[in-house]
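Asker: Below are the chains, spelled out letter by letter.
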Amino acid sequence: MVSRLSPLDIKLLRDLWHMRGQAIAVGIIVACGVAIMVMALGTLSTLRASSDAYYERYRFADVFASVRRAPESLSTRLREIDGVQTVETRIVRLVILRLEGVTEPANAQIVSLPDEGESTLNRIVLFSGRYPEARSPDEIIISDAFAEANALVPGDTLEAVINGRLRTLNVVGIGDSPEFIYALSPGSVMPEDHLFGIFWMRRRALEAAFDLDGAFNNVTLTVAPGTETAPVIEQVDDVLSPYGGTGAYDRTDQPSNAFVDSEMNQLKTMARIIPAVFLLVSAILIHSILNRLIQTERQQIGLIKAFGYSRWEITWHYLKFAIAITTGGVLAGFAFGFMLQDMITHLYAETFRIPDLTWRVDGFALVISSFAALGSAIAGAMSAALGAARLSPAEAMSPAPPVNYHQGWLRYILQMRWLDEPTRLILRHTFRFPARTAANLFGIAAAVMLLVGTLFTFDAMDTMLDRMFFRTNSHDAAVTFFEARNDTAIGELARLPGVLMAEGVRDVPARVVSANRSERISITGLPPDSSLRRLLSADDRYIDMPETGLALSAQLADMLDVTTGDMVTTHILDGTRPVAELPVTAIVDEIIGTPAFMDLAALNALMDQAPTVSGAYLRLDPQHQADFEESVIERPGISGVSLRSAIIASFEETLQETIYIMMGIYAVIGGAIAAGVVYNAARISLTERGRELASLRVLGFTNNEVGYILLGELALVALVGIPIGCIGGIALAHLIATAMATELYRIPVTVNATTLGFAAGIVLVSSTVAALFVVRRVRSLDLIAVLKTRE
Amino acid sequence: MDTSAPSDKPSDVLLVGKGLERTFVTGEVSVRALRGVDVTLQRGELVVLLGQSGSGKSTLLNILGGLDRATAGTLQFEGKDLTHANDAELTRYRRRSVGFVFQFYNLVAGLTARENVSLVTEIADHPMKPDEALEMVDLGERVKHFPAQLSGGEQQRVAVARAIAKRPQILFCDEPTGALDSKTGIRVLEALDRVNRELSTTMLIITHNVGIGEIADRVLRMQDGRIIEETRPNRRLKPAEISW
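Chains as they are written, first to last, in the working numbering: chain Y, 37 to 827; chain V, 3 to 246.
I should point out that these hints are in silico values taken from the structure, not numbers from a laboratory. Where a beta carbon is used, it is the ideal one built from N, C-alpha and C, also for glycine. Check the hints yourself; a few may be wrong.
[Claimed, not checked] Residues of chain V clear of chain Y, computed beta-carbon distances all greater than 10 Å:
1. T42
2. Q171
3. T186
[Unchecked claim] Each pair of labels, with its calculated beta carbon distance range:
4. V:D127 with Y:A312: 54 to 60 Å
5. V:H210 with Y:R426: 39 to 45 Å
6. V:H86 with Y:V756: 55 to 61 Å
7. V:E30 with Y:H382: 53 to 59 Å
In isolation and in its complexed conformation, chain Y is listed as follows (with noise of 0.2 Å):
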């Protein structure tokens, strides 16, 4: 039985009917607002979730500690401490690695396993293979990012340096563990799949390789439920820091842990600012919409309201009609939003290397999303449709009186002689409705804002690098010693072939205070006149290393609230640890990270040793490259060398898989929102003065000229909209940038003249095809109507 809709139900879906284009084109701008607001809360939340149960299933540790050599008693101390649960100490070394048909230095963190069975923290999750035998030194599972990048299954080999001898290492078994969610190697900034792996091996076989019998060089351990981590990384510390503690660290500053923050923060932040544009300017579109109708409805409101309805029953009409429109596009939106959701999380599921990151349906971000696309579309429509229903019936089936055009200051404007009368009108009726002009412009100018302020990023990027790679660190390659060495070492480096310049560099782990503020940092010594690492201010100049005192990067400055001038409180957390009140002597513009520098020498005075360095930068002969990557990787003491050409081409390769897929979303959305208000536009337009365009085509305009009338007032607002647009998308840029900023890096706000052209194009392009859908109609004004009809 077909259930009984009241009249004006049945009104209402019939006025939808015949509105559907228009319907259709908020619908999509509402659905875009929704699914990115569903993707980026249902992403977080999978992301959320799904580190949360591994973090738990594996017990990620919740502190973390190096130290140069420490005695395996100490470890019954650190159980003592207030509020520790378990400890486990390890051995964790970077390894030079030789791979089949690989030419680049790639390197391996090796992290000891217990001599029996798995390990009580970080446990590895096994995918395939099995865990190395308690008595055979060269077994070893490898990460399965690592496995995938190279091909290796168990059964294969591999050769590492470890200690300055090639071994051959047997793989038994691919597994990942939480703590490498995000694997990055020292000193990169994109995971290299390929060229940097994480092993485990039993720590006998290490013990002996490393030469620390009874002795471990890293500790993880997990606190009570509840226990502030804190007071207990200060315990770690004073016990640890006689045998070379480093400084232990909580969750937050464990590198792989504070990717995933990082990430998550990225998602709050899109949930929070794109959406909220989209849902605007739907809310505009609703507005101008149901003003129309209601305008077009005018009599008929006076009908219902003489029959009896009342004032609320109108107004219930007319949101019924937005709550109807929004709907739809919030459904879209679901739909949209899961299949966005399940391609970013393909994406993530190639970077976090989370087991189970498979997309859920998060019903938090559907009851946001929904409230707030409801909520902005009943806004929206509101005071339409209170107008609506403070109609009196008597006023309302009289018709609306004419539009009073009047000679305003515009005239000045209209009096110019080689004004063609179309044009006349077209800035006539753009200026005789502020109002609706002023929302066409928002809504071109918006979509031009979002896709600014998102495509931004890739400019960003190529910033980012040309910053990293060519500005500051313009060294070819960057070696790690396993320990801080006699400077000597630098010549021996200088040495080898293809080297054509060498330059030390030291860094040590300090903890920074400034008042009650404090901060865990790596200091970098620098020769004060390096060439292959350089310093950079805020306005791009290259500034020198000063000789004395700290050059803060600007977001460490921030955090410690100080600036140039003022004096921080130093704790060196290596050799005798000790501790100086330091000047701030320069700010400098880094994009990674929160370093500080300061002058080699003055770094090494302040340590009371003697010239030290811990690694060094290198300038390349590119003709004998080959030879240097042959001849370093035998050297004994090396830990790691990275190459920048290795760096730039896998960052590049990581931007690329998702640059198209990006701003493939970007311009679609951005597109949908001036397809969206100019279709709009037009439509309203063309119901306004379907007669008057029927009169002039009588009068024998074509139907290029009329449609010339029709869309000149858009192109006009366009012309205007799309240069505000990009004002206000470096705007959003700005916005966005800092919003997302973390310590672990900074997106500098960096706006091509390419992307602004792109942005406008694409709103140029997507007007246009929805302008013509409109114009089409123009074809099929009914001339013959309007020479009979009253307005």
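Starting from the known structure of chain Y, arrange chain V on it as the hints suggest.
Answerer: The following block gives chain V in isolation, referenced to the frame of chain Y:
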């Protein structure tokens, strides 16, 4: 019934419709609005077409004015066949040769009186000046007024000025006084009469007001899709002299 004047020379013939038929089909219902109409309009004559609602007079005007196509029959303008003209050719015909005056004025609300006229003169080949056209309909003083600031009669006179400004060869007026009272209606007719006399513009005025027939050279009467009668008044009256 042949409505041409037998004594006229061939070169005086402007528009000839022969055997015009128009059938409207809506679903299963078909309505024959024109049932074989022969009509000839001479240069410079003022013809009034009378008939009740539904007699087919508007349908005939739409076909003669190039707004609609006949289902059968032929239409020639200055000897050129328009029977099978496409949309672009009909647009050109309306643009160059035809003027329209509508019952409800159909002025562009966003343009002043002068601008409404300019709208048409801009696309015409040899138009008169907009002010000149407005002078002809006695609106020289109100050129800067918007439609909303003009009375109904004034608006209709702007529409007449707009229609004649491009010097059309033929002017079609569909119930030009239908929405007006007698006083203002007569002023509009005076404007039309003056245009016909001074510019020799051929005119076809549709009306159901029999009195208006008295200002015409010829009066055609339609009924049920046919022209059933043609009369020539003994003397063409001035609009002020007619009985409304």
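Asker: V:Q171 clear of chain Y by more than 10 Å, beta carbon to beta carbon?
Answerer: The assertion about V:Q171 holds, with a minimum of 13 Å to chain Y.
Asker: Please confirm whether V:T42 is truly not at the interface, meaning its C-beta sits more than 10 Å away from all C-beta atoms of chain Y.
Answerer: Non-interface label on V:T42 holds, nearest chain Y Cβ at 23 Å vs cutoff 10 Å.
Asker: Using the C-beta atoms of V:H210 and Y:R426, is the stated range 39 to 45 Å upheld?
Answerer: 41 Å, holds
Asker: Honestly, do V:H86 and Y:V756 meet the 55 to 61 Å range at C-beta?
Answerer: 46 Å, violated
Asker: For V:D127 and Y:A312, compare the CB-CB distance with the range 54 to 60 Å and indicate the outcome.
Answerer: Holds: the Cβ-Cβ distance is about 55 Å, inside 54 to 60 Å.
Asker: Verify that the Cβ of V:T186 lies farther than 10 Å from every Cβ atom of chain Y, and report whether the claim holds or is violated.
Answerer: 16 Å, holds
Asker: In this structure, is the beta-carbon distance linking V:E30 and Y:H382 contained in 53 to 59 Å?
Answerer: Given about 57 Å between the Cβ atoms, the range holds.
In this structure, the one hint that does not hold is number 6.
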